[in-house]
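Student: Sequence:
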Amino acid sequence: MATKNRGHGTAGTLARILGFFIASALCGVLAASLIVPAVAAASLGVRTSIGFFDSLPEELTVQPPSQSTKVLTADGQPIATFYAENRVRIPLDQMSPYIKDAVVAIEDSRFYAHAGIDPQGIVRALVSNVTSGGRQGASTITQQYVTNVINEARLSQDKRDEVILSGQKDMGDKLREMKLAVALEKKFTKEQILEGYLNIVFFNSDAYGIEAASRYFFSSTAKDLTLPQAALLAGLVNSPTFYNPAINPENSMARRNQVLDEMLKLDKITQVQHDEAVATPIELKISPERQGCANATMAPYFCDYISHLILNNPAFGTSLIERQRKLYRGGLTITTTLDSRLQAAAQAQVDGTAGPNPDRWGAALTTVQPGTGKILAMAQNTVFLAEPGKFDTHLNFNVDARDPQGNDLNGAGGFQPGSTMKPFTFAEWLNEGKSITAEVDASRRVYPLGFPWRSSCGKVMGAYSTAQNNPELGAADDLQNAEEGFYRKMPINYGLYNSINTATFASATQLDFCGIQKMVDAVGLHSGLDGAPINMHQLGNLLGAIGVAPLHMANAFATFASDGKYCNPIALVEIIDATGGKLPAQNVECRDAVKPDVARGVNSVLQDVLVKGSGFWINPKIHDKMPTAAKTGTSNNNGSTWVVGYTSGLSTASFFGDALEGQKRSGQNVTINGTFYPRLDGWMIAGPQWVNYMLKAAPLYPANPFPPPPAAMMKPTYYAPVAPTTPWVAPPPAAPAAVAPDPVPAPESPVPAPPAPESPAPAPEPPPAPAPPPAPAPEPAPAPVPEPAPPAPEPEPEPEPDPEPEPDPSEPPLPPDLPPDAGFQGGRR
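Numbering (this note's numbering), first residue to last: 1 to 829.
Quick list of in silico lysine-lysine cross-link-like pairs, DSSO-like style, CA-CA up to 30 angstroms:
#, residue 1, residue 2
1, LYS268, LYS187
2, LYS625, LYS696
3, LYS186, LYS174
4, LYS186, LYS265
5, LYS268, LYS190
6, LYS715, LYS595
7, LYS70, LYS696
8, LYS595, LYS489
9, LYS100, LYS223
10, LYS186, LYS268
11, LYS268, LYS223
12, LYS489, LYS518
13, LYS190, LYS223
14, LYS518, LYS595
15, LYS100, LYS70
16, LYS100, LYS187
17, LYS390, LYS664
18, LYS696, LYS565
19, LYS595, LYS459
20, LYS621, LYS715
21, LYS186, LYS169
22, LYS159, LYS187
23, LYS696, LYS390
24, LYS518, LYS459
25, LYS187, LYS174
26, LYS174, LYS100
27, LYS70, LYS582
28, LYS70, LYS285
29, LYS70, LYS159
30, LYS223, LYS70
31, LYS285, LYS100
32, LYS715, LYS489
33, LYS186, LYS159
34, LYS625, LYS595
35, LYS459, LYS489
36, LYS223, LYS187
The set of hints was computed from the structure by calculation and includes no laboratory data.
Could you build all of it, start to finish, from the sequences and the hints given here?
Tutor: Right, dumping it as structure tokens:
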């Protein structure tokens, strides 16, 4: 930081020190024993104590100077640079001989002859300054190095007000500099001192040290500097602003030629070299090294995320200031999990989804690798810094606002995931030993206060009953689907892949809510605001009422993709400090969160989402290219829309919607990119965003077929109705402490131009008393029983191609002549 600034000062200061330095030089004291205390005391004026000199430090602790931190992708591509001072430290043998000779020639021609201070130079400078009225410096390279080391230490300790520039030094500062310079020469070789000096010296605010200066001014390296380039940079050291070639080219040219003259006098170059260099015009190729995530070359919001991970981690310092010092001054090399190929595809896709987006709709993609938790891509359609006509925000749409410890992650706080939460209730359904194709009664729409939900660990809160609708009582309107034709009995898998709300609730009536809670916790889902667990005893959360960050939705679905193995999402692979030592990165913690058979059962149904369910209109042909599974989701008021889908190699969450703080904007009757939407649904924009990206990204990672679930899990099983045989009457409401569920997510729009909807099933009559099982169907398999125990382990034959039970008239199969652009209607969310 400290730079030579010899153009200022007063004649009075020169007069006071003139006698001191001449006396010292003539007596030989300065070179032999540094300074005679009596002479020093006589010349200091304001410091009269002879003991002052003896009290000065005799040794300088040289710490590595501040260096810039590099953030890289997993494949070594640069993401961003962090620095307080842009510096790249290099050894002397990686510097051009020209720069070494040029700096010595212009700054300290007797560098190799003196012992830290140069009495001859001091006398010469003083005489010149007194006789000419100018200001010629006398500090040696060693003295300059001492000053820079001291100032660098002060800066690293956030003591900027204690930094002393050359023109601000008093006699005490000068004496300390001299004493330490002599001590330094005894400890280090000339080559070590010159190397340290060239690595620490200030060239401009974007370039500290010769390597950074070479890159900044010439887009080169210190090793490849030409003679004219080296002479120009050597001349900058004296006054970086006055001799800056970008703003003062004439001054810079004159100074460069002066350096060349000095090099010629010292026989460091020939006359021919000198003349050719003098005749060479200044040719700059400025490449500023912009620092911080706002200037990242890619993935600025991922960059912001990893910076928060480091600044929140006590392993990098006990205080925030220490952690900032480590990040901005520590010269770290941070290797992340990001795949530059996937990141480029993701960024291009979100940018294409919403364009410049003056209406500020948010689009986001996050990809996680199943089985490792590695974040491979993280993109959104915004910019950090305001640009005309573009959506700018500092918030990261893909991550939480805060972690569970309350540390800031700079995230948007998550978005309502809607029906992308339904697979986790279905997973618990399978976890409790129930069949993939079991029938549920999805005709029920009313779940009043006091409904006999099952929970072994808490109380289910909320209600769906128009008759009782009162937020203070925790009740909302009757549960609804998108279309009237789906209030009927249906196989549970049909209800999931067509995203029928009432089917999910019908399945929940047969489950222990504590099991649902454990399933959601096991796959790492939590509130996007603060990392707190999602309370699955709140009924609205069965349909995704609480905000979740896309990163954690992608990672939760990755658990299914990896046969039930959950790994915490990680962004950091390796962190190397400036000395080559390793610092702690993120620990990968994996566990068996979901039974493999359960994960396989979920996979089998979510594959149907794209083939004949709520995601049919996205692009069913992706399933022909690779085994894929997905779930659509749409939130209340259609303000948040999703597709979360995966192959065995990649899991990606795609979000489109209102990403502003508060997230209160409706997705109904909106125009986006010139297209009018009566109401947004997951398959409309988030869906194409997901599929177009995955068609590019998924082939880069193995996409193997998903293992099938056990054959026994596919057999239809019919359960006794949940309601008792006698009519059930809700108890009168008491003063409740229940919290009202968030409104039911708005039904997704019907698929355009579908075939005529199926006729609604007749309204169910009061259930009869339990009867013996029906006679076996004319098939080898025995008739189903009301509640079979989980099947015993056995070899798993391949499941039948169509998992829907043929005898069930409530779900007719697709007719063979159905047009290829049609699909099932359903309550798609």
